[in-house]
Every structure is written in structure tokens, then in C-alpha cells.
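K.L.:
Below are the chains, spelled out letter by letter.
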Amino acid sequence: MKNEEKALSEREKILGRIREALTVSAPRPRSQGDLSVQASAEPSANHAREWLPLVGASVAEQFSLFAKNAADLKADFRLLASRDELKAALLKLRDAENWQRVASHGGELTDFTCKALGLPVTLTDRGYDIQEMEKCDAGITECDALIAQTGGVAVTSRSAGGRALSVLPPHHVVIARREQLVADLPAAFTMLQSKYSPDFPSMISFITGPSRTGDIERILVLGAHGPKKLTILCV
Amino acid sequence: MSTFVSDFKTRATEKAGDLRHRLVIRTALRSYEIIRDKRKAAFQSWESARQAAAETKWEAVNHLDKHLEALTAKLEARGTKVHWASNGEQAREIIAQILRDKKARCIIKSKAMTSEEIHLNHALEKEGFTVVESDLGEFIVQLRHEPPYHIVFPSMHLTRGEIKDLFQKELGDAPSDSPEELTMVARRVMRQKYITADVGFTGANFAIAETGMISITENEGNARLTAALPKTMITLMGIEKVLPRFSDLALFLPMLATAGAGQPMTCYNTMYSGPRQPGECDGPEEWHVVLLDNRRTELLADAEQRDALHCIRCGACLNVCPIFRNVGGHTYGTTYSGPVGSVITPHLRGLQEWKHLSNASSLCGACTEACPVKIDLHHHLLQNRRNASASEPAFFERLAYQIFGIVANEPLFWSLAKKIGWLTQPLQRALKGSALDPAKAWTKTRDLPPLPRESFKDWWKKRK
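Respectively, the protein sequence lines represent chains A and B.
Quick note on my numbering: the first sequence kicks off at 1 and runs consecutively.
Quick note on my numbering: the second sequence kicks off at 236 and runs consecutively.
Honestly, the hints are just simulated from the structure, not real lab data.
Careful, some of the hints might be misleading.
[Stated by the list, open to error] The calculated lysine-lysine pairs, modelled on PhoX-like cross-linking and capped at a C-alpha distance of 20 Å, are:
| id | chain 1 | residue 1 | chain 2 | residue 2 |
| --- | --- | --- | --- | --- |
| 1 | B | LYS697 | A | LYS74 |
| 2 | A | LYS13 | B | LYS697 |
| 3 | B | LYS654 | B | LYS697 |
[Said to hold, decoys possible] The following residues of chain A were derived to be distant from chain B, with all beta-carbon distances above 10 Å:
| id | residue |
| --- | --- |
| 4 | SER64 |
| 5 | LEU79 |
| 6 | GLU179 |
Given the structure is predicted, the values throughout are model-derived calculations rather than measurements.
Using N, Cα and C, we set each Cβ at its ideal position, and we do this for glycine too.
The whole structure should be built from the sequences, with the hints applied where relevant.
P.N.:
What follows is the structure, given as C-alpha cells:
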């Protein structure tokens with residue numbers, strides 16, 4: 001009880017100092033005479049689309065931008081024409097990397113994938129053994145969106161089998177639908193908000209390429225702690 | 236002279252003359268500006284984006300109480316425990332108490348400058364907890380028992396050879412000096428730590444008032460794992476991190492990546508809105524968010540410099556600063572180095588003890604130009620100089636300028652001074668830089684050009 005009272009008073013003290021400080025107003029940021037800069041009275045991050053990198057209007061342009069961005073990030077992206085092609089691509093990956101066991105979660109696309117692979121699967125849906133997942137060769141998940149502007153994918157703890165599945169195994173394979181492509185980041189945020197608000201999954205993650213680090217002489221190394229490989233298969 | 240000043244001067248002198256250090260930093264930052272500019276150019280309007288980011292941060296910081304209350308209410312509604320800490324000591328005690336309650340032994344951390352600010356590792360280790368830094372750069376500097384060199388690139392000052400030797404000595408595992416193999420050593424060491432640690436600790440890049448979320452930006456996936464596997468999660472964030480809306484991230488995430496490292500997006504940008512929720516298969520059972528003031532409200536009270544709280548800790552101002560590049564990150568002796576560190580440290584730790592940082596600037600303005608949220612950094616350095624000398628005037632400096640004022644205003648004195656100056660020139664050359672030279676701090680490394688026999692005024696008179 002005493003601790004709670006103390007915590008409450010600390011909160012009031014900090015909020016009190018903030019309110020006291022804000023009685024003096026600070027000047028708004030100005031565009032410093034540069035007329036090409038659009039200054040607006042209203043908070044303007046809503047218009048982010050107008051300033052962020054340009055994205056083509058057609059779906060074909062957006063897919064080619066996604067493919068280019070994904071390649072720059074060293075992610076492997078494939079746009080597949082049918083479920084048969086998806087199956088063929090999966091089997092090729094399985095054999096090339098000699099997968100023995102994969103981890104995944106329940107879902108229409110992932111169920112198809114696991115069946116196609118014909119390997120033992122660690123499913124996360126009803127809880128899982130962490131050591132067992134750590135030994136899996138790949139983590140296979142669905143996603144919420146592919147973002148053309150960045151070449152990244154958005155996953156959540158609800159759509160992609162929890163928090164660890166997309167980062168613990170050494171190879172993250174995303175199975176996506178064509179309709180999941182969105183043009184840019186503002187569209188991705190709007191989509192997430194309309195899909196989930198107010199009951200958001202406890203984790204939403206924008207994954208933009210495989211895990212990486214530049215902490216040694218600023219030289220890029222893939223697979224620092226998360227997956228060394230990211231494959232995005234889109235049907 | 237306070238020890239902070241003399242330490243700064245000693246280290247700065249040493250580092251500025253250290254060619255190896257200079258080469259390492261130049262190598263590390265060589266490509267930064269090129270790729271950052273390429274990424275900036277990809278924006279339809281980087282300048283408008285900066286303006287929007289500055290306005291959004293202005294709105295957030297100038298209604299901080301409202302946004303913090305909204306954030307807290309949303310977080311608590313989903314089962315997150317929110318703690319408030321006025322200073323570092325309170326924050327350390329809150330965190331230590333959670334660890335004691337959980338009977339924790341090992342805590343795995345992802346990168347958090349706020350934890351450096353409150354010297355958390357030291358305090359926890361003193362209580363017997365094992366603290367493991369999981370970010371590669373932080374792990375390296377932790378093994379070396381030194382603070383991060385740079386707020387974004389903690390081990391930027393080290394070569395692969397030095398890191399290899401370090402791993403060999405501390406871990407007994409360093410197959411070669413290839414960055415790839417060294418990274419894999421850290422990966423192997425860390426894997427089991429995520430799984431066995433009792434508590435995961437993270438910092439925060441942004442907090443969203445509208446939806447009650449904490450957003451964490453990282454490249455390695457270590458924060459993702461830290462927030463996924465241990466049963467308890469603790470997040471420490473400065474109170475200024477809050478943004479009003481979820482959609483604001485659509486602007487701030489790519490801007491942080493571009494300004495900080497010349498990336499279009501950082502690899503993992505993750506928003507957490509609670510501990511494991513019903514129906515979810517993993518994630519911590521408990522999540523504690525600690526909101527840290529630690530004199531941020533004093534900076535908030537300075538309306539002139541309030542925008543320094545807009546900082547998103549991208550490190551862009553450090554990367555472009557000629558002083559930072561010459562004296563290096565450790566010379567500052569502060570948690571936050573470079574231009575933004577020089578601006579905020581006097582507010583966070585005391586103006587008189589840290590006013591020398593305001594002079595660690597050429598006032599070239601490269602920092603202000605690089606800042607993605609348009610903090611007027613170099614003017615704030617000038618304001619800190621003004622405030623420092625107003626509250627504690629430097630007696631001899633003031634006296635020197637008063638005498639100069641009198642001499643320069645009186646033609647007779649001025650012409651006398653010129654003659655004396657010319658006559659005493661050989662003496663100046665003899666004493667230059669020695670203990671007897673009153674201006675030795677300046678003249679030690681600089682030559683005074685010889686004074687001409689004839690002044691311009693005399694020449695002009697003769698010409699007529």
C-alpha cells in the first residue's frame with residue numbers, strides 16, 4: 001500500500017513539474033523562410049505520403065518496387081502464379097537447405113505449406129517448447145502486409161504465430177497473398193488500425209530484410225541475432 | 236577548473252592527435268554521409284518531412300502531460316504496470332525491486348541509452364544480478380568495461396582485430412578477425428541467454444499515446460528476442476519519447492532510419508501494447524514500463540531550448556560534427572555525446588560543471604542541418620554559453636575585454652598599443668606557449684603572424 005501511494009505521488013510530482021514547465025509556451029517550429037517547405041498549423045505527419053519516397057500507382061509498379069527493395073535488403077522475394085508454384089518453391093528450399101524440422105502456426109496458407117513440405121512441424125498455437133523451436137531450420141509465418149515502399153513485411157503476434165517464431169529460427173519464410181500488398185507506410189498503418197483497433201495484438205513488427213548488424217567496422221553482416229535469411233513467397 | 240573540464244581537455248588533446256583513432260572514425264563514417272544523402276534524396280521532400288516531424292514533436296512535447304496520461308491509461312488497460320521515476324536512483328530501485336520480487340538472477344538487455352544514463356548495469360551487478368547486453372556493439376563495450384562510444388554505434392572506435400583479441404581473451408572463442416565470424420560468435424553466446432534469462436530489459440524509441448504502445452527500433456533482432464522469451468519484461472523510457480498518434484510512426488520510422496544510418500527502414504520496428512494477451516502463445520507474462528524524468532522537466536521548463544526534447548537519438552548530429560570526429564565519443568564523459576549531448580548535458584547534470592561542452596563546437600551548424608526534427612542545436616550551444624556566463628561571469632575574460640574596449644576606443648591608446656605590440660614581438664615569440672604566457676591555451680598550438688612595421692593608418696597618411 002505504502003509503495004503504491006509513493007508511486008502515485010511520484011506520478012503526480014512528475015506531471016506537476018510538466019504542467020508547471022508548460023505554463024510558458026515555446027515557439028512553434030518554423031520553416032525558416034524556405035518556401036518550398038510546407039508548414040501547416042495542424043500536426044502534419046498525416047500527410048506523410050506526400051513526402052515519403054514515391055510509390056507507383058498501379059499494382060504491377062508496386063510489386064516491382066517491392067521486389068527491387070527486397071533485393072536491396074538481401075531478402076528473397078518471389079511472386080508465384082499458383083499454389084503449385086508455391087509448393088515447388090517450398091520443396092526446392094527444403095531440399096537446398098536440407099530442412100529437417102520447421103516451426104509454424106495454424107493458418108490457411110501455413111497449413112498448406114506445412115502439408116506441402118511433409119516435415120515434422122513445431123506449431124506455436126497452443127504453446128511450444130523454446131528449445132525445440134530453436135532447433136528448427138525455418139520459421140514459417142503468414143503476415144499482415146507487404147509494403148512496396150520499403151520492401152518489408154508487417155507481422156503481428158496474432159497473424160504470425162506469436163513473438164518468437166519470426167525471429168528465433170535461422171530462416172524466416174513469409175507466405176503472403178497478393179492482396180496483402182500495400183503501397184506505403186501510411187497505408188500499412190491505416191490498414192493495421194482498421195483491422196485491429198482497439199484490440200491490437202500485443203506485438204506488431206515491421207520486418208525489413210533479414211536480421212543485420214554493422215557494429216564491427218560498419219561492415220554489414222546478416223543474421224546478427226534474428227534470421228540470417230528472409231524469404232517472402234507471395235501467391 | 237572542475238575535473239570535468241580538465242578531463243575533457245586532457246582527453247580531447249590526446250584524441251585529436253591520435254592518428255589511429257582518426258583513421259578508425261573516418262573509416263567508420265566514410266560511407267555514412269553518402270548513403271544517408273542517397274536515402275534523403277529518395278524522399279519526395281526531405282525538408283517537408285523534417286518540418287512535419289518537428290511540428291509533430293512540438294505538439295507531443297508541448298502537451299506532454301496529456302499524452303503521458305493517455306499512454307499510461309492505455310498501457311494499464313492491457314495489464315502493463317507503469318512506474319514513474321523522478322530520478323535515476325528511483326528508476327534503479329524500481330527495476331531492482333522487480334528483479335528481487337521475481338527472484339531473478341539473469342537479465343538480458345537490448346540497447347537502451349536511458350539505462351546508461353542511470354548507470355543501471357553497475358547498480359544491478361552490485362546487487363548480484365547478471366546483466367547481459369545483447370546488442371553486438373553494446374556486448375563488445377560491456378566486455379571492455381567501457382561506456383558506448385556513440386549512441387547508435389557503440390563500438391565504432393574499435394577495429395576487427397581489437398574485437399577478435401577481446402573475444403579471444405573474454406570468451407576464448409575468436410576463429411578469425413572477419414566481422415561475419417565475430418558476429419556469429421556473439422550470436423552463439425547470446426542464443427541460450429535469451430532462453431534462460433529471467434527478465435528481458437529494453438529501451439524505447441517512441442511511445443504512442445493514442446494506442447498505448449512502445450515502439451522499438453533495431454537491426455539485429457535482439458530486442459525482438461528480449462521481448463519474446465523471458466517471462467518478465469521491463470522497459471525504461473524517457474518521458475519525452477511520446478508521440479500523439481499511431482500513424483505518426485509512418486513518418487518517424489523511415490526518418491530515424493535515414494538520418495541515423497542511411498537505411499530506408501531499420502530492420503525491425505516493433506510496437507508493443509502489452510504483455511502476452513489472452514489467446515497469444517508467447518511473450519512475457521508481466522510487462523513493466525518505467526517512465527524516467529531525471530531532469531527532463533527542467534529542460535522542458537526552458538522554453539527557449541525545449542525543442543532539445545524533440546531528439547529521437549538518431550546520432551546524425553554526432554556523425555557530421557567536426558568536433559566529435561576529432562575528439563571522439565568517450566572524451567565528452569557524458570551519456571549523450573556530440574552536439575545534442577553538449578546541449579542537453581548542462582541541463583541534465585548542471586550548467587556550470589558542463590558549460591565547457593558548449594565551447595566544444597565550431598558553430599558550423601552541420602548538426603542543426605543534419606537533425607531530422609530540426610532542433611536548433613548550434614544556437615542552443617550559444618544560449619548555454621550566454622546562460623553560463625550570465626550566472627557566473629568569467630572575471631579575467633571580462634576584464635580583458637573591458638581593457639581592450641578602452642584601448643580600441645581611444646586613438647592615442649591604440650597607436651601606443653600598436654607600437655608596444657611591435658616592440659614586444661620578440662618577447663612574445665620567446666615566451667609563446669610557456670608558463671609565463673598569459674594566453675598560452677591559445678598560443679601553444681597557434682602562431683601569431685608578425686606585426687608589420689607600418690600600420691595601414693600610417694601608410695594611408697603617407698600616401699595622401
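K.L.:
If a hint holds in the structure, say so; if it doesn't, say that too.
P.N.:
Hints, verified against the model:
About 76 Å separates the Cα atoms of LYS697 of chain B and LYS74 of chain A, which puts this hinted pair outside 20 Å; it is violated. For the hint linking LYS13 of chain A to LYS697 of chain B, the alpha-carbon distance of about 74 Å lies beyond 20 Å, and the restraint is violated. At most 20 Å may separate the alpha-carbon atoms for a hinted pair to count; LYS654 of chain B and LYS697 of chain B meet this at roughly 17 Å. Listed as a non-interface residue, SER64 of chain A keeps its Cβ farther than 10 Å from every Cβ of chain B; the least gap is roughly 16 Å.
For LEU79 of chain A, the non-interface assignment is confirmed: its Cβ lies about 20 Å from the closest Cβ of chain B, beyond the 10 Å cut-off. Distance check for GLU179 of chain A against chain B: the nearest CB is about 21 Å away, which clears 10 Å, and the non-interface claim stands.
Going through the hint list in order, the structure does not satisfy hints 1, 2.
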